Amino acid sequence: MCANRAARDSLPAATPSVASNGRRCCASWSATAELRIAPRRPLPPAPGRRVTPVSAYVPKQERRTMPETKSAKVRSRLKHPIIDADGHWLEVQPVFMDYLAEVAGAKLVDRYRDTLKKAVGYNWYTVDPAIRDRSRMRRQGWWGFPTNVMDRAACIVPAVFRERLDDWGVDLALVYPTLGFMLLDVMKDSELRPVVMRAYNVMAADMFRPFADRMIPAGVIPMTTPQEALEHLEHAHSLGIKLVMMNGNVRRPLEIDADWQPDPTRRRYYIDAFGVDSPYDYDPVWRKCVDLKLAVTFHTGTQGWADRCSPSNYVLNHLGHFAHSHQVTARTLFMGGVTERFPTLKFGFMEGGSGWATTLYSDILGHWKKRNLPFMRRHTNPELLNLKRLRRVMEKHTKGNQRFEGKLDSIIEANLDIFVPDVSQAELARRDMDSDDFSRTNIRSEADVRRLYAKNFFFGCEADDPMTTVAFNDKLGLRLKTLLGSDIGHFDVVDATKVIEEAWEMVEHGFISKFNFREFTFGNAVALHGGMHPGFFKGTVVEAAAERELARAAASTPETGHR
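Going from the sequence shown to the numbering used here is simple: count from 1 and add 27.
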């Protein structure tokens, strides 16, 4: 968790810095000298107000004394459940290999084992340092998991995970992979990948089935091709999986390099994010998700990309990498018109925060204002430039200037484009008369931008990410839908009992309201998953609360996402 909590509590009253749109910026609270935060104190009693403790959502026969963690105390004073929209389990290899053997046979297990040992980015320790440097092999992550015994056991054994939820102040956990991330990244073998993914989803469904009242596991869906994604969606659905995680983009080899490099894995690559310019049509995948009532969630990083392949520094590669990946995917889907063609489909971008999302929304809106086709035809069409008047002005102000002497005819007639010589204004106008970068989106107003962005996209944020507060700033004209994702199971949560406590600090410090906190920890998770499938929470301890929330949300303003 955030190492700067104590320092932050001693600072003057603060506003969140917006200088960074990366994944985590724990120390980015800027101070103002006039106001000071009062010393931390226990939550005050709430006489006369009916409070629903977490134990009320747990079957009577399984209730136990509420643990004295601060997170549990925070939860006990809330009138709504808390949904952790992005915790993690740690899938140990021997258990997974058992499932793989059952699905595909022992020989495939050996092949799988060999593939992992040779996986680029995960074999860093076995490669000569000189080769690592020459090949720009990204530094492998190290010391990445908690050493708190109970937290570690919980993330490995679902029964312990469920037992610990009350201590963590969490009613329902949506549990994402750890090994599953790696499998989506490194399984390039088109014969091995399908059986590995099927085995993984069988394991996830099987191991969490006994705890379905309080834990929902994510299945993994490879997006290498639409057909492959469709097959795995159907298989996952047949297993009862109702939460899916897809890779948000795919690295594809440049076909032009086939002329000199026969091995596709050694060619240069580009990023395909399934929207604009994809070699495949992914609309059948989005349509299938709508039919199966599945929200699309992405949890894809960018380590190993050209700007994230330091062979010596893991943190350098890791900083903001989820935000980087999500930004590519979100803008590609938006500009590709996916949110226009599938207005009911919801997308969750996990663990990247919301700072990048605010910046992207602003950038899309700014570009649309200045580069929508009607505006450009009125203001930047090259034929609008009065060449005769331009000549008169230039002649007047370049008289006697040897650099311009004898060049005005060439400049006016064919060299007003700064980047390409010998192209007339008439040719510049003619060749792009039918161009329109927003043609796939059908945007006609700022409200359309807001509708197509805010209504469909949800953003997973960690408890100690101060940029989350910006998403609730109504002065920006847009409230983004953020989700609490604990990241339990990974290095940044050394004590899972402190996650909710730390998230609540945003309320204590006055950065967000209690209602904002309700949206962050409950309402938006219900909107993302229950909005796609009203029965998503059926059979869980939050079923009744989720039904009430969906009914309440039906009265909200759909265009803005405001409640």
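Be careful, since some hints might not be right.
Think about it this way: if two alpha-carbon atoms lie no more than 25 Å apart in a straight line, the pair counts; the simulated SDA-like pairs of lysine to any residue are [what the hints assert, rightly or not]: (1) Lys144 / Ser337; (2) Lys320 / Gly562; (3) Lys145 / Thr205; (4) Lys315 / Pro409; (5) Lys434 / Asp444; (6) Lys502 / Arg358; (7) Lys434 / Pro409; (8) Lys396 / Val420; (9) Lys144 / Glu118; (10) Lys396 / Asn340; (11) Lys315 / Thr385; (12) Lys215 / Tyr307; (13) Lys396 / Ser337; (14) Lys145 / Arg236; (15) Lys397 / Asp318; (16) Lys397 / Ser337; (17) Lys541 / Ser472; (18) Lys100 / Asp436; (19) Lys320 / Glu574; (20) Lys145 / Arg159; (21) Lys426 / Asp449.
Note that these hints are calculated values from the structure, not bench results.
Computed from a predicted model, the values in this text were never measured in an experiment.
Each hint tested on the structure:
The hinted pair formed by Lys144 and Ser337 meets the criterion: a straight-line CA distance of about 20 Å does not exceed 25 Å. As the CA atoms of Lys320 and Gly562 are separated by approximately 9 Å, the hinted pair is consistent with the 25 Å bound. Distance check on the hinted pair: Lys145 and Thr205 sit about 19 Å apart at the alpha-carbon level, within 25 Å; holds. For a cut-off of 25 Å, the pair hint linking Lys315 to Pro409 is broken: about 44 Å separates their Cα positions.
At roughly 15 Å between alpha-carbon atoms, Lys434 and Asp444 fall within 25 Å of each other, so this suggested pair holds. Using a Cα cut-off of 25 Å, the hinted pair Lys502 and Arg358 holds, with the two alpha carbons roughly 23 Å apart. For a cut-off of 25 Å, the pair hint linking Lys434 to Pro409 stands: about 20 Å separates their Cα positions. For the hint pairing Lys396 with Val420, the CA-to-CA distance comes to about 30 Å; that exceeds 25 Å, so the pair is violated.
A C-alpha spacing of about 17 Å is found between Lys144 and Glu118, which places the hinted pair at or below 25 Å, so the restraint holds. Proximity of Lys396 to Asn340 is assessed by CA-CA distance (about 40 Å); at most 25 Å being required, the pair is judged violated. Distance hint between Lys315 and Thr385 is unfulfilled; the C-alpha atoms sit about 29 Å from each other, more than 25 Å. For the proposed pair Lys215 and Tyr307, the alpha carbon gap of about 18 Å is at most 25 Å, so the pair holds.
Distance check on the hinted pair: Lys396 and Ser337 sit about 38 Å apart at the alpha-carbon level, beyond 25 Å; violated. Straight-line distance between C-alpha atoms of Lys145 and Arg236 comes to about 33 Å, which puts the hinted pair past the 25 Å bound. Between Lys397 and Asp318 the CA atoms are separated by roughly 37 Å; this puts the pair beyond 25 Å, and the hint is violated. Taking the CA atoms of Lys397 and Ser337, the gap is near 37 Å; set against the 25 Å cutoff, the hint is violated.
Restraint check for Lys541 and Ser472: not satisfied, since their Cα atoms lie roughly 33 Å apart, outside the 25 Å limit. For the given pair, Lys100 sits about 78 Å from Asp436 by alpha-carbon distance, which is inconsistent with the 25 Å threshold. Among the hinted pairs, Lys320 with Glu574 is consistent with the structure: their alpha-carbon atoms are about 16 Å apart, no more than 25 Å. Only pairs whose Cα atoms come within 25 Å are accepted, and Lys145 paired with Arg159 is accepted, the gap being roughly 14 Å.
This hinted pair checks out: Lys426 and Asp449 have alpha carbons roughly 24 Å apart, not beyond 25 Å.
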